[in-house]
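Asks: Take a look at the letters that make up each chain.
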Amino acid sequence: MSQGSVGKPMDRVDGMLKVTGRAKYAAEHVLPNLAHAVIVTSTVAKGQVILLDANAARCAAGVIAVISHLNAPKLPYREHKSPLDPAGERLHVLQDDAVLFNGQPIAIVVAETLDQAEYAASLVRAEYASKTPSLDFVGALGHAVMPDVSRVPNSPFPASTCRGDPELALAKADVKIDAEYLIPRQQHNPIEPHATIAQWEGDQLTLWDKTQWVVNVRNELAAIFGLSPDNVHVISPFVGGAFGTTLRAWSHVTLSALAAKYVGRPVKLVLTRRQMYSQTGYRPETWQRVTIGASYNGRLSAIVHRAVAETSNYEQYVDRVVDSSRFLHSCPNVATHYAILPLDVHTPVYMRAPGTASGIFALECAMDELAYELQMDPVALRLLNEPARDESVNLPFSSRSTRECYRLGSEHFGWAARKPEPRSMRDGRWLIGWGMATSVYHTICGRAEARVRLFADGHAEVESAASDMGPGTYTSMTQVASDTLGIRPECVRFSLGDSTFPYASPHGGSLTMASVGSAVYRACMTARAKILALLHADARSPLRGASLDIIDATDGRLFLRANQSCGERYQEIFERHGLDVLEVTEMMQPGDEQHQYSMKAFGALFAEVGVDRDLGIIQVRRMVGVYAAGRIVNPKMARSQLISGMVGGIGMALMEHTITDRQSGCIVNADLANYLVPVNADIGALEPFFVEESDPHVNPLGVKGVGELALVGVAPAIANAIFHATGKRIREFPITADKLI
Amino acid sequence: MNPFQFQRAQDDRGAIEAAADGARFLAGGTTLIDLMHEHIEQPKALVDINRLAGRDIQITARGLTIGSLARMSDVAANREICAFYPVISESLLASASPQIRNMASIGGNLLQRTRCTYFRDPGVSCNKKQPGSGCPSRTGAHRTNAIFGVSENCIATHASDLAVALVALDATVCVRGSAGERNFPLAEMYRLPGGTPHVEHILQADELIVGIDVPAGPHTAHSHYLKVRDRASYEFALVSAAIALHVESGIIRAVRLAAGGVGTVPWRLRHVEQTLVGQQFDEHAWRDAVARAGEGAQPLTQNAFKVELLKRVLFRALEEVADRV
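Chains as they are written, first to last, in our numbering: chain A, 1 to 741; chain B, 742 to 1066.
If you are wondering where the hints come from, they were derived from the structure by calculation, not from laboratory data.
Here the structure is a predicted model, which is why all the values come from computation and not from measurement.
The beta carbon of each residue, even a glycine, is placed where N, CA and C say it ideally should be.
Worth double-checking, as some hints may not be accurate.
Partial chain A-side listing against chain B, Cβ under 10 Å, derived [to be verified]: (1) S42; (2) A61; (3) S122; (4) L615; (5) G616; (6) I659; (7) N669; (8) A670; (9) A673; (10) N674; (11) D738; (12) K739; (13) I741.
Just chain A, with the same shape it has in the complex (with noise of 0.2 Å):
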């Protein structure tokens, strides 16, 4: 790639479009005859709908139909499974009378207006023949099963891992750290809420959609009607925020098509802040246990990691809690267990660092506590620990700088000057406390394609199946195309957001840098070979018979490396030989390099909190992460990303919490006034870092990407900052006054 704008702080291609309101979000898009759907939802978690009276709802004004199980059409349901669904079979709606949870589906209401829908959808009655549910995620611990896909041979989720003789290395321990950590079930939030309009014409169904992922909702959507894939378009060019919760289709996408279909009209369905706490994904509960023994001279001997999560009843969701246990620090002796537990509730789906953000707060605080038990600067164990290579797969990292995450954030935030011992640092009536943690994410690399036409006046369209939740997917690829290519980044346009573009994986994970970042890559130089190939043999170009490697490009023209005046332009080229555009499609799949070595992103937090000595309110003061990640493609908006992971991150160790009524299932805290995440007064200074890193191995692009990374960490820096200042090991989140007087 070429000098130009990869790694400068470009500002979003789509920033005016944004903040002038002319980016059309899912439900903003304004068909003719467009009717309006409200969902209405079960009021017990678990039985069966015995009576629904929708006859004032089917009576109230404006009112086109109210579709329940008693007159919905039956759907095929075919069998669909993306690689993110979970063993289990999704929600059938309203195909039959059972409930499985309280919040889900059991009737939608057609109206002329969404006010209409809304009022009619509150005259619907039903009745039901209610189970007691199983809810309590604590008391039913002991009926945790093990998921049906750590049964297969070598399964990406083992139910159990072990290398060494842990048990035995913990009897033999100098010192040992037993403790048990809890975290909540939290919601993603994103601010637009999820929305659907759906309208058919003939057997083609066409879905405006809030997506990460288009190619799934049209694969499922077209199993569910039982449609070729062909019949389906989704269309979905900005999403506001997401965070993982799109990364399925859930039911309200399946209700929208259902409901036009039955009425025969385009609709729109929007769900209600209080309808995505039910029936959208979230980031399970979880119960953890972590067992490390260690020798006297802070050597860890034995890493014991048992984790518990929260499922529905009718899917298992499974995520990556313990694995990072099996790699972050050198260990001889490991074992890992990983079981679910299904409750009458609706399935978690993946949330911002799924697993990997919850099983990191348990390691890093015992990791603290094992420095306080060891006398020792929970700086310096982790740098006794660093592993030489990854000892659970024993491949060596494509590359690891921990290290220097550890050097420069201690030197950044001032590490040097802290009182190791608890309450000991003070300002006024706040105790003061430091804490630090890992982060860690693995780096994801997933089947993308790219198409680039590159037109004669110098212009290119590049596309791709891709979304852009916020990270600035539209930026990133535009600096990738414009500078592999050579042409302007304002030559370049990059569309994302519909089925009919070619193939991308899902946007979460942060793989999409990595992996349509590098299909942009591959389709921007295959083009520039077939243009070379075209000259090969051109008497006219001073390019004839130059190869790709010896080649640059910028501005629009093509010139050799070593002598630039020895060019032309493509306007030049393509006049030549006749062509109004050059058409390249080009594949990114996971090579062979994933199985030599162990690809993973890095980093280290630093937190400072306050924590008020009488009345236990917490204030996190400031916050320096310094990330190890591969190549920045474009700093601006990775620095925006690893600012957004550690508000996030003080979200989760102190305010979120979606807390369920044990006895009915229904979600206590279902809006923004009630599940709190922090306002601009709860955020102190955060200063994020990169360290340079070049990766060679992980991708053509030397990307890891950063959305998960850098909420991970953040966490346990904070709970292990609370214990500095306290003296009090909070092991169960959200962190709040009333744990700490």
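Starting from the structure of chain A, add chain B where the hints point.
Replies: Here is chain B on its own, set in the frame of chain A:
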């Protein structure tokens, strides 16, 4: 939202007549409209009272008068209130968000309904909404609910910070209705839940709060509002305290104390006041007094911490107001 009639009153009389016909008063709308969206409130008619007089703020030697339609932000920013009744300004600034304070009226603030999330969930029945249906919070989530003034039927916390400050200052309310005008102490406006938690105050449906009177006294300028909550802004109190003090020659001559986040109504702590009056104004006296703050509390498992937190908040409020005495 249910369909409803809407009209705009030009004067008190028009508003009261509309209310007598069944309309509900609409001022800032920051509570009522939210609850209508969730179908918790289903008024058949609304009467907009925003054109009525009653936004004035007057301070005389006898006290402070606030028109009920004054906005929270106007009262909070009033210089004389900041100087002579700081507890009022502070309680308002600790409430809601700037956007809400710009809209919400003082009268509406005092009549805002509880934030008990069971009450606000349309899928849940509770005694406040469907009398006799039970209190799901008692056996469910109740960390933020009340420890004082509770009954078997309801433990919902009163949400207003301002009301706590005003109850501490012995404010009175002036209301006007079809039966004429009357005045009574604000503390008497609120009803404990008892067996009828759906009845929250003594106002008739057509009675309009027109103003609030706060009597002057040497204590009002030495007053303070302290609020502990789960985040730094835009959140209701776990525990809050309103305090006003008159100290002369090191002796506490008068003190007013009320607590928020702990009561089903704004909770005056007269027994703590009595312990303080006549004492030396020092930490020793504060400690003795706040030790009594939990008397009469009926906490449940998740909100038991409020008893201890209340004592600490009161002590801190005394410490902080000491700087102003």
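Asks: Take the hints in turn and mark each one as holding or not.
Replies: Structure-based check of all given hints:
Interface hint status for S42(A): upheld, as the beta-carbon distance to the closest one in chain B is roughly 8 Å, under 10 Å. A cut of 10 Å between beta carbons decides the hint on A61(A): the least distance to chain B is about 8 Å, and the hint holds. A hinted interface residue such as S122(A) counts as satisfied when its beta carbon comes closer than 10 Å to some beta carbon of chain B; here the least separation is about 5 Å, so the hint holds. A least Cβ separation of about 5 Å between L615(A) and chain B falls short of the 10 Å threshold, and the interface hint therefore holds.
Using the Cβ-Cβ criterion of 10 Å, the hint placing G616(A) at the interface with chain B is satisfied: the shortest such distance is roughly 8 Å. Interface hint status for I659(A): upheld, as the beta-carbon distance to the closest one in chain B is roughly 5 Å, under 10 Å. For N669(A), the interface hint holds, the least distance from its beta-carbon to any beta-carbon of chain B being 5 Å, beneath 10 Å. Because the beta carbon of A670(A) sits about 7 Å from the nearest beta carbon in chain B, less than 10 Å, this interface hint is met.
Below 10 Å, beta-carbon pairs count as interface contacts, and A673(A) has one with chain B at about 7 Å; its hint therefore holds. For N674(A), the shortest C-beta to C-beta distance to chain B is roughly 5 Å, which falls under 10 Å, so the interface hint holds. Nearest Cβ of chain B to the Cβ of D738(A): about 4 Å, under the 10 Å cut. The hint holds. Interface restraint check: K739(A) against chain B, minimum CB-CB distance 8 Å, threshold 10 Å, status holds.
The interface hint given for I741(A) holds, since its Cβ lies 6 Å from the closest Cβ of chain B, which is under the 10 Å cut-off.
Comparing the model with each numbered hint stated earlier shows that all of them hold.
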